[in-house]
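**Q** The lines below spell out each chain.
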Amino acid sequence: QSVLTQPPSVSGAPGQRVIISCTGSSSNIGAGYDVHWYQQFPGTAPKLLIYVNTNRPSGVPDRFSGSKSGTSASLAITGLQAEDEADYYCQSYDISRIGVFGTGTKVTVL
Amino acid sequence: QVTLKESGPALVKPTQTLTLTCTFSGFSLSTSGMRVSWIRQPPGKALEWLARIDWDDDEYYNTSLKTRLTISKDTSKNQVVLTMTNMEPVDTATYYCARSPSPVSYYMDVWGKGTTVTVSS
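Chains as they are written, first to last, in the working numbering: chain A, 568 to 677; chain B, 992 to 1112.
Because the hints were derived from the structure by calculation, they are not lab data.
One should not assume that every hint holds.
Restricting the straight-line Cα-Cα distance to at most 20 Å, the calculated cross-link-like pairs of lysine to any residue (SDA-like) are [said to hold, decoys possible]:
1. LYS996/B - ALA612/A
2. LYS1104/B - ARG630/A
3. LYS1036/B - ARG630/A
4. LYS614/A - SER1023/B
5. LYS673/A - VAL570/A
6. LYS614/A - ASP1065/B
7. LYS1004/B - SER1096/B
8. LYS1064/B - SER1023/B
9. LYS1036/B - VAL674/A
10. LYS673/A - ALA1037/B
11. LYS673/A - PHE608/A
12. LYS1064/B - TYR1052/B
13. LYS1064/B - PRO1034/B
14. LYS1057/B - SER1021/B
15. LYS1104/B - VAL570/A
16. LYS614/A - VAL993/B
17. LYS1036/B - PRO581/A
18. LYS614/A - LEU1009/B
19. LYS1064/B - LEU1009/B
20. LYS614/A - ARG630/A
21. LYS1036/B - PRO1080/B
22. LYS673/A - SER1021/B
23. LYS614/A - THR1014/B
24. LYS1068/B - PRO1092/B
25. LYS614/A - LEU1060/B
26. LYS1057/B - VAL1072/B
27. LYS1068/B - SER1021/B
28. LYS996/B - THR611/A
29. LYS614/A - LYS1004/B
30. LYS1036/B - THR675/A
31. LYS673/A - SER593/A
32. LYS996/B - THR1074/B
33. LYS1104/B - PHE608/A
34. LYS996/B - VAL674/A
35. LYS1104/B - LYS1004/B
36. LYS1104/B - GLN1070/B
37. LYS1036/B - GLY597/A
38. LYS1036/B - PHE608/A
39. LYS996/B - SER592/A
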């Protein structure tokens, strides 16, 4: 059902920078709709991490950053920490007026 | 403080209708720009957006599930209800409701903890 494609997994050593891509199409991200990112730990609800492409809610560390270009978006984690090990999902909107999520990416801290 | 809480049956039989209630506090769904969505997540799988209802009563549905879903709101009770007909084992999932506070974007800033629904005979 997911229409936004993410890599299944990314990994990095503590302190490294990792990037998670989110690829959509001309009917969602490419149509100009914003991209948002969520962090989810096992057994818990998703938490908003980045909204409207680049904005961090209060309390989210600045090592998390978002960007968007064309039909894709990216989430970067700079200075990876052990506590960042989680699943990450991108989300956008579609011209058919429905929400769409990414396939999800598991981040592993080596 | 904004909170949302999902409630409903933990177990339903195949072909039955599922009714889930999202009870929220800290905001009003009659406020311009406010929206509430339902999202589900099968075990070990990705999030799937299901439906949304807006402050102005507009309703939106996942294209693939549209014929089975109905979303409604009771502003006086601060509740949003989702019904899903003809449940199947593949509908086994954790179901979440979440708030979208922006009239111009569709991010979900506060989520409920979710309710787990198993479909089995």
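**Q** Look at each hint and say if it fits the structure.
**A** Hints and how they fare:
no. : hint                  : verdict
1   : LYS996/B - ALA612/A   : holds (11 Å)
2   : LYS1104/B - ARG630/A  : violated (26 Å)
3   : LYS1036/B - ARG630/A  : violated (27 Å)
4   : LYS614/A - SER1023/B  : violated (24 Å)
5   : LYS673/A - VAL570/A   : holds (18 Å)
6   : LYS614/A - ASP1065/B  : violated (26 Å)
7   : LYS1004/B - SER1096/B : violated (37 Å)
8   : LYS1064/B - SER1023/B : holds (15 Å)
9   : LYS1036/B - VAL674/A  : holds (15 Å)
10  : LYS673/A - ALA1037/B  : holds (11 Å)
11  : LYS673/A - PHE608/A   : holds (10 Å)
12  : LYS1064/B - TYR1052/B : holds (15 Å)
13  : LYS1064/B - PRO1034/B : violated (28 Å)
14  : LYS1057/B - SER1021/B : violated (24 Å)
15  : LYS1104/B - VAL570/A  : violated (25 Å)
16  : LYS614/A - VAL993/B   : holds (14 Å)
17  : LYS1036/B - PRO581/A  : violated (27 Å)
18  : LYS614/A - LEU1009/B  : violated (26 Å)
19  : LYS1064/B - LEU1009/B : holds (16 Å)
20  : LYS614/A - ARG630/A   : holds (16 Å)
21  : LYS1036/B - PRO1080/B : holds (15 Å)
22  : LYS673/A - SER1021/B  : violated (37 Å)
23  : LYS614/A - THR1014/B  : holds (19 Å)
24  : LYS1068/B - PRO1092/B : holds (19 Å)
25  : LYS614/A - LEU1060/B  : violated (25 Å)
26  : LYS1057/B - VAL1072/B : holds (15 Å)
27  : LYS1068/B - SER1021/B : holds (12 Å)
28  : LYS996/B - THR611/A   : holds (13 Å)
29  : LYS614/A - LYS1004/B  : violated (31 Å)
30  : LYS1036/B - THR675/A  : holds (17 Å)
31  : LYS673/A - SER593/A   : violated (26 Å)
32  : LYS996/B - THR1074/B  : holds (16 Å)
33  : LYS1104/B - PHE608/A  : holds (12 Å)
34  : LYS996/B - VAL674/A   : violated (28 Å)
35  : LYS1104/B - LYS1004/B : violated (23 Å)
36  : LYS1104/B - GLN1070/B : holds (16 Å)
37  : LYS1036/B - GLY597/A  : violated (25 Å)
38  : LYS1036/B - PHE608/A  : holds (13 Å)
39  : LYS996/B - SER592/A   : violated (33 Å)
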